[in-house]
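Those sequence lines, one after another, are chains A and B. Note that the working numbering has the first sequence beginning at 1, numbered continuously upward. Note that the working numbering has the second sequence beginning at 1, numbered continuously upward.
Warning: the hint list may mix true and false statements.
[What the hints assert, rightly or not] Per the computed footprint, the stretches of chain B lying under chain A, defined by three or more beta-carbons under 8 Å from a beta-carbon of chain A, are:
hint, region
1, 80 to 88
2, 110 to 121
3, 136 to 142
4, 152 to 161
[Unchecked claim] Now the in silico label distances, taken between C-beta atoms and shown as ranges:
hint, chain 1, residue 1, chain 2, residue 2, range
5, B, 145, A, 51, 18 to 28 Å
6, A, 24, B, 201, 43 to 53 Å
7, A, 159, B, 12, 38 to 48 Å
8, B, 195, A, 131, 35 to 45 Å
9, A, 7, B, 99, 13 to 23 Å
10, A, 81, B, 200, 21 to 31 Å
11, A, 131, B, 204, 20 to 30 Å
12, B, 143, A, 7, 37 to 47 Å
13, A, 10, B, 99, 13 to 23 Å
14, A, 72, B, 130, 28 to 38 Å
15, A, 52, B, 95, 48 to 58 Å
[Claimed, not checked] Listed below are several chain B residues computed to face chain A (Cβ distance under 8 Å; list not exhaustive):
hint, residue
16, 1
17, 24
18, 29
19, 39
20, 62
21, 68
22, 70
23, 100
24, 103
25, 104
26, 107
27, 167
28, 170
29, 187
Read the hints as simulated data drawn from the structure, not as lab findings. Glycine included, every Cβ here is placed at the ideal spot set by N, Cα and C.
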Amino acid sequence: MTLRVKAIESLLVEKGYVDPAALDALVDTYENKVGPRNGAQVVARAWVDASYKERLLENAPKAIAEFGYLGLQGEHMVVLENTPKVHNLVVCTLCSCYPWPVLGLPPVWYKSSPYRSRAVIDPRGVLREFGLELPEDVEVRVWDSTAELRYLVLPERPAGTEGLSEKELAELVTRDSMIGVAKAGKP
Amino acid sequence: MNGVHDMGGMHGMGPIEVEQNEPVFHSRWEARVYALHRAMGPWRKWNIDTGRHEIEKLPPADYLRMSYYEKWFARFVSLIVKTGVVTQAEVDSGKPAEGSAKVTPLLTPEAVPSVALNRNLPNTVDPSVVPQFEVGQRVRARNINPTGHTRLPRYARGKVGVVDRDHGVHIFPDTSAHGLGEKRQHCYSVKFSARELWGDAASPRDSVYIDLWDDYLERA
Chain A
1 MTLRVKAIES
11 LLVEKGYVDP
21 AALDALVDTY
31 ENKVGPRNGA
41 QVVARAWVDA
51 SYKERLLENA
61 PKAIAEFGYL
71 GLQGEHMVVL
81 ENTPKVHNLV
91 VCTLCSCYPW
101 PVLGLPPVWY
111 KSSPYRSRAV
121 IDPRGVLREF
131 GLELPEDVEV
141 RVWDSTAELR
151 YLVLPERPAG
161 TEGLSEKELA
171 ELVTRDSMIG
181 VAKAGKP
Chain B
1 MNGVHDMGGM
11 HGMGPIEVEQ
21 NEPVFHSRWE
31 ARVYALHRAM
41 GPWRKWNIDT
51 GRHEIEKLPP
61 ADYLRMSYYE
71 KWFARFVSLI
81 VKTGVVTQAE
91 VDSGKPAEGS
101 AKVTPLLTPE
111 AVPSVALNRN
121 LPNTVDPSVV
131 PQFEVGQRVR
141 ARNINPTGHT
151 RLPRYARGKV
161 GVVDRDHGVH
171 IFPDTSAHGL
181 GEKRQHCYSV
191 KFSARELWGD
201 AASPRDSVYI
211 DLWDDYLERA
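Let's have the full structure, built from the sequences with the hints guiding it.
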């Protein structure tokens, strides 16, 4: 693959369609600047600021724009709140839609056939595979990203975190907890 | 199309394999494929729906065997040839045809940060496009089997749900993918109970929310 990709890149550079420096910048951006730390900041803000949380659930794009974290594959954001009685889980059964600006590019398992096929028919089984056993009385809501809406789960704030700062709280917010396959980390 | 990409509800795909501390890209070529695709975006040679459909059209056995970025690369080469960016002869030789025009790149390195992250609010409001359904209404996903691109998954067809929220006006992928126009219409989150979709063995509490356009729905 390395040689085949290099050949196509050289061809497009020679014809003037792409600038190799722009390719470098794109790679650097998604390797180092755009990732789940962005979403974690949004979640931590919602945990400490009730009015921000309200704005986030009411109009996610507007609230996320306050951080500057909109962009391609994350324009039409929707935030889903987990509670002791409701657990949200996000999937894209048809391809691999994922909110890039807040979570970065998706991990391989999110794009894989096992996850895409099973998340909608057996969400509790999938969660069990991730080590999360939900009680029967918790309602599981699976969100299949079939359109341009991009979903971010707002995980529950872990117990015993009352004294933590917003920055410390953001450290507890994992990528998986914002997809809905895990809970936020413990302090 | 009723392709293997439409895999919601299928069995037999095996366990979910999670890689700890996974890198964003597993090799340089994956990163370059991703970046090439993005750098071609501003040329608007194809849209997102055409791009998705190009991957769906891969032969099913290839689709299941290939990695994500192998699929992206196959799609990319296919699209740049189909849209006339390059010729097949140029792909084969790796060299621009003699006398072929030279253009200037549209995506500059300076523009990259603002295409990745920005504050641009989406516009989904268009009062001239009237919603066909309202929040709280019972709807049935139509039983359609188009051979082209569609975002109505098979597992939802013929099933009854309730409109949970109206996401405003969105481009209709079934026409957009084939150059047949944007056909903007309302798109909704429709809530289907797990039992409606999968039968009585499913949890009575659980549900699946699917984003569906007006043209996918009928009154129930």
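So, going through the hints one by one against the coordinates:
Requiring three or more residues with a Cβ within less than 8 Å of a Cβ of chain A, the coverage given for the region 80 to 88 of chain B holds, as 3 such residues are present. With 10 residues having a Cβ less than 8 Å from any Cβ of chain A, the region 110 to 121 of chain B passes the three-residue criterion, so the hint holds. Look at the region 136 to 142 of chain B against chain A: 0 of its residues bring a Cβ nearer than 8 Å to a Cβ of that chain, fewer than three, so the hint is violated. Counting residues of the region 152 to 161 of chain B whose C-beta lies closer than 8 Å to any C-beta of chain A gives 3; at least three are required, and the coverage claim holds.
Distance hint check: the CB atoms of residue 145/B and residue 51/A are about 47 Å apart, inconsistent with the given range 18 to 28 Å. The given range of 43 to 53 Å is respected by residue 24/A and residue 201/B, whose C-beta atoms sit roughly 51 Å from each other. Residue 159/A and residue 12/B have their C-beta atoms about 39 Å apart, which keeps the hinted 38 to 48 Å range intact. Against the hinted window of 35 to 45 Å, the Cβ-Cβ separation of residue 195/B and residue 131/A comes to about 26 Å, which falls outside the hint.
Checked against the hint of 13 to 23 Å, the pair residue 7/A and residue 99/B passes, with Cβ atoms roughly 21 Å apart. A beta carbon spacing of about 29 Å between residue 81/A and residue 200/B agrees with the range 21 to 31 Å that was offered as a hint. For residue 131/A and residue 204/B, the Cβ-Cβ distance of about 25 Å falls inside the hinted range of 20 to 30 Å, so the restraint holds. Separation of residue 143/B from residue 7/A is about 45 Å and conforms to the stated range, judged on CB atoms against 37 to 47 Å.
Take residue 10/A and residue 99/B: their Cβ atoms lie about 18 Å apart, and the range 13 to 23 Å holds. Under the hint 28 to 38 Å, the C-beta atoms of residue 72/A and residue 130/B, about 29 Å apart, fit the expected range. The given range of 48 to 58 Å is respected by residue 52/A and residue 95/B, whose C-beta atoms sit roughly 55 Å from each other. Here the hint on residue 1/B is broken, as its CB sits about 11 Å from the closest CB of chain A, past 8 Å.
Look at residue 24/B: its Cβ gets to within about 5 Å of chain A, closer than 8 Å, so that hint holds up. About 4 Å separates the beta-carbon of residue 29/B from the nearest beta-carbon of chain A, less than 8 Å, and the hint is met. At its closest, the beta carbon of residue 39/B sits 4 Å from a beta carbon of chain A; the interface hint therefore holds under the 8 Å criterion. At about 13 Å, the closest approach between the beta carbon of residue 62/B and any beta carbon in chain A exceeds 8 Å, and the interface hint on this residue is violated.
Look at residue 68/B: its Cβ gets to within about 5 Å of chain A, closer than 8 Å, so that hint holds up. A hinted interface residue such as residue 70/B counts as satisfied when its beta carbon comes closer than 8 Å to some beta carbon of chain A; here the least separation is about 7 Å, so the hint holds. Using the Cβ-Cβ criterion of 8 Å, the hint placing residue 100/B at the interface with chain A is satisfied: the shortest such distance is roughly 7 Å. The interface hint given for residue 103/B holds, since its Cβ lies 4 Å from the closest Cβ of chain A, which is under the 8 Å cut-off.
Interface restraint check: residue 104/B against chain A, minimum CB-CB distance 6 Å, threshold 8 Å, status holds. The beta carbon of residue 107/B comes within 5 Å of a beta carbon in chain A, closer than 8 Å, and the hint placing it at the interface holds. With 8 Å as the threshold, the beta carbon of residue 167/B comes within range of chain A, its nearest partner Cβ sitting at about 6 Å, so the hint holds. Using the Cβ-Cβ criterion of 8 Å, the hint placing residue 170/B at the interface with chain A is satisfied: the shortest such distance is roughly 6 Å.
This hint holds: residue 187/B has a C-beta 5 Å from the nearest C-beta of chain A, less than the 8 Å allowed.
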